[in-house]
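Below are the chains, spelled out letter by letter.
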Amino acid sequence: MSIQNVASAPPSAEVEKVSGWRRIWQQDAPGYLFLLPWFIGFFGLTLGPMIYSFYLSFNHFDLLTAPRWAGLDNYMRMFTNDPKFSASMRVTLFFVVFSVPLKLAFALGVALLLNRGMKGLTIYRSLFYLPSLLGASVAIAILWRQIFAGDGLVNKFLSIFGIVGPSWISNPNYSLWTLIVLSIWQFGSPMIIFLAGLRQIPQDMYEAASLDGASKWRQFWKITLPLLTPVVFFNAIIQTIEAFKSFTPAFIISGGTGNPINSTLFYTLYLYQEAFGFFRMGYASALAWVLLALVALFTAFSFLTSKYWVHYDD
Amino acid sequence: MTDAPMKLTVVGVETPKWRKQLTSVVSHALLIGASILMLYPLLWMLAASFRPENEIFTSASLIPSSWSIDAYFRGWNGLRTSFSVFFTNSFIISILSVIGNVFACSLAAFAFSRLEFRGRKIWFALMLMTLMLPYQVTLIPQYVLFRQLGWVDTFLPLVVPKFLAADAFFIFLMVQFFRGIPKELDEAAMMDGAGPWRIYWKIMLPLSTPVLATAAIFTFIWTWDDFFGPLIYLNKMSDYTVMLGLRTFTDSTGTSDYGGLFAMSVLSLVPIFLFFLIFQRLLIEGIATTGMKR
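Chains as they are written, first to last, in our numbering: chain A, 1 to 314; chain B, 1 to 294.
Just to be clear, a hint being listed does not mean it is correct.
Said to hold, decoys possible - DSSO-like mimics (lysine-lysine), calculated; alpha carbons at most 27 Å apart, straight line:
(1) B:K20 / A:K216
(2) B:K121 / B:K202
(3) A:K222 / B:K20
(4) A:K222 / A:K307
(5) A:K119 / B:K17
(6) B:K17 / A:K216
Simulated from the structure, these hints should not be mistaken for lab results.
So that you can see chain A by itself, here it is in the shape it has in the complex (with noise of 0.2 Å):
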């Protein structure tokens, strides 16, 4: 190395230069090191176990013995002859249908009337955001199974009027809508989030807009909706994603059944008892697959169809 070349290399590049162990050491060990609980997370508590639990699913196993290889049985078996799979799907899919619209249109209708200036808005705010703070917690479930029995609250005050209500948790053509209702209870969360969006939307937009005269209703359909997709696609990705998780209410309200007749039998629900009910851990695996498929299917379909009705700006 002559004088010359040392002379003229800048000192930063020159440690730039410098290769091997010594620049992993200086450039990527930081890095890593930090993310070192992570990795061991990842690898150990993700990644890993997705692995083991795709290659359960085409075994048998009920956790004593050694899984046995059972090819394509468990997804047979789901998808030509199991009435309970079905049921948990059915069951899964209508909750998720009508429960995250009901509940973003709750969220989206009182978001824009407080968006309006209102006196009060941080306490309307708060009281609003309670229930979904509490929400996924026993005691409200507990709540719930009360409020809707024969004897519980909702028929208290439909007696009033005279009306006398069945017993909604035990009657399976309602015994799932008590569960929706719970659902839409906790429209805190999304409506926050509404509510962030609305005020990022430039209020000069509006004004102009009504110097043209154009309607509330016109300004809404025209300004507002359109600049509020990417926070209306937000929480419907998030809120359905919740929704096909949902477990606790089903399994406190049913007692872990998911009665009356199936009709709340959650595909989690389903999923905890074949797991834990009957240790058929190989078929749990793969009813686990499916459930992680649907969501997929369901992420990647929102994404590809996102760009006709999601408004980005550039």
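Starting from the structure of chain A, add chain B where the hints point.
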């Protein structure tokens, strides 16, 4: 005299004052009605826990005919194991989870938002993908793993994943916040010879207390509320959390002691409600800035 009509023609769409007031009154009426409807069940449960047992199923009002805290004593010792054990267990699990989550997630978030290393983008993308993953897919192998390790019937399966930053949501939350902290601060510290650890510990963490607090509170609440994890991993009553205790209460008492059940339900919500009262602004801002679940 012709002043008012003139004005109307000039600014044709300006709504008259009386209409504005009317819509305001109607909006408030709607919102107050909705608030009452939403909070009524909660208040009713609170009232039910204080009223005489025979009145619980006959009254829809919010004021008990006579007040009594008997139900709280009955409920507290209503099961073979007292609720003091369940509350202690829940607190231990929740507090350990908070420590684990705040520490592990902030480490990961610091790496993702501040450090340069090869593969960062790929790992970050993978981390985001785990956000969408239904936990059922890893549930059974995790159970097999923890069973092999002899961790079933201990708190470890509920707590250790938190120390491994398993809840990617909080990493994401913190990355968003860290990105808002000016990079000049790190660069200045680096000039002074500070390494990544010192920048993390002395600069990032002290400047990030709002997001760390938000993560801590949400971790506490979600761990406190968690039912599925304890249901699977804790089988001995002496290990039960409050949520498992409540569930056992509904199973074992059937219809006999609703007063006690409601009293314990109310108590189980108290820690969450206190967090809500004290930190509601932080929680609401946390949700608003990231957009999120539950």
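- Query: Which numbered hints does this structure break?
  - Reply: Checked against the structure, no hint fails, so every one of them is satisfied.
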